[in-house]
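Sequential numbering of the sequence shown, starting at 17, is according to this note's numbering.
Warning: the hint list may mix true and false statements.
What the hints assert, rightly or not - Straight-line C-alpha distance at most 25 Å; calculated DSS-like pairs for lysine-lysine:
1. Lys118 x Lys129
2. Lys129 x Lys111
3. Lys109 x Lys120
4. Lys96 x Lys109
5. Lys88 x Lys109
Hints are computed from structural coordinates only; laboratory data are not their basis.
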Amino acid sequence: MSDEQVPSVEEIKERLKVEIPVEEESVKADTTRRDFTGELKDLGRQFADTVQSAWNSEERVRVENEVRDGVKSFVNEVDKALREAKESQAAAKVKEEAAGIKTKLETGQMGRKTREGLVQGLQWLSEELGKLAEQFAPPEKSPPDAAPGEESE
Numbered sequence: 017m018s019d020e021q022v023p024s025v026e027e028i029k030e031r032l033k034v035e036i037p038v039e040e041e042s043v044k045a046d047t048t049r050r051d052f053t054g055e056l057k058d059l060g061r062q063f064a065d066t067v068q069s070a071w072n073s074e075e076r077v078r079v080e081n082e083v084r085d086g087v088k089s090f091v092n093e094v095d096k097a098l099r100e101a102k103e104s105q106a107a108a109k110v111k112e113e114a115a116g117i118k119t120k121l122e123t124g125q126m127g128r129k130t131r132e133g134l135v136q137g138l139q140w141l142s143e144e145l146g147k148l149a150e151q152f153a154p155p156e157k158s159p160p161d162a163a164p165g166e167e168s169e
């Protein structure tokens, strides 16, 4: 062998015409699995970096400040409108009329009639609810020792 050159694997294959199995598929599967896991890890890292960058961005801070200012302005305008409505002549008139009606209800015949009407209405409603409940209640079964068609006493 000293004078001869060492043949390559390809030459040996060619001479023998025999296929030498190589476990390329399992190596590829392991590589693919590692590549997939690595890519998911990289994607997660990139997503986290993107979210953090967006949160720390000047644009987000500017939008947040605009929203805060807008909400404050809204609250101030609503508060102003409520104060003005509360202090208006129309509000004072409504308040005065409501107080007058309250007094009439508490002292006069109108209050007594109203209470009587409410009591009657509540009694009627109670009776109607009782009837409705009876419709949903299961029918009573006759005692087991009674023959069919006979009524128990």
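Hints and how they fare:
| no. | hint | verdict |
| --- | --- | --- |
| 1 | Lys118 x Lys129 | 14 Å, holds |
| 2 | Lys129 x Lys111 | 24 Å, holds |
| 3 | Lys109 x Lys120 | 17 Å, holds |
| 4 | Lys96 x Lys109 | 20 Å, holds |
| 5 | Lys88 x Lys109 | 31 Å, violated |
Checked against the numbered hints given earlier, this structure breaks only hint 5.
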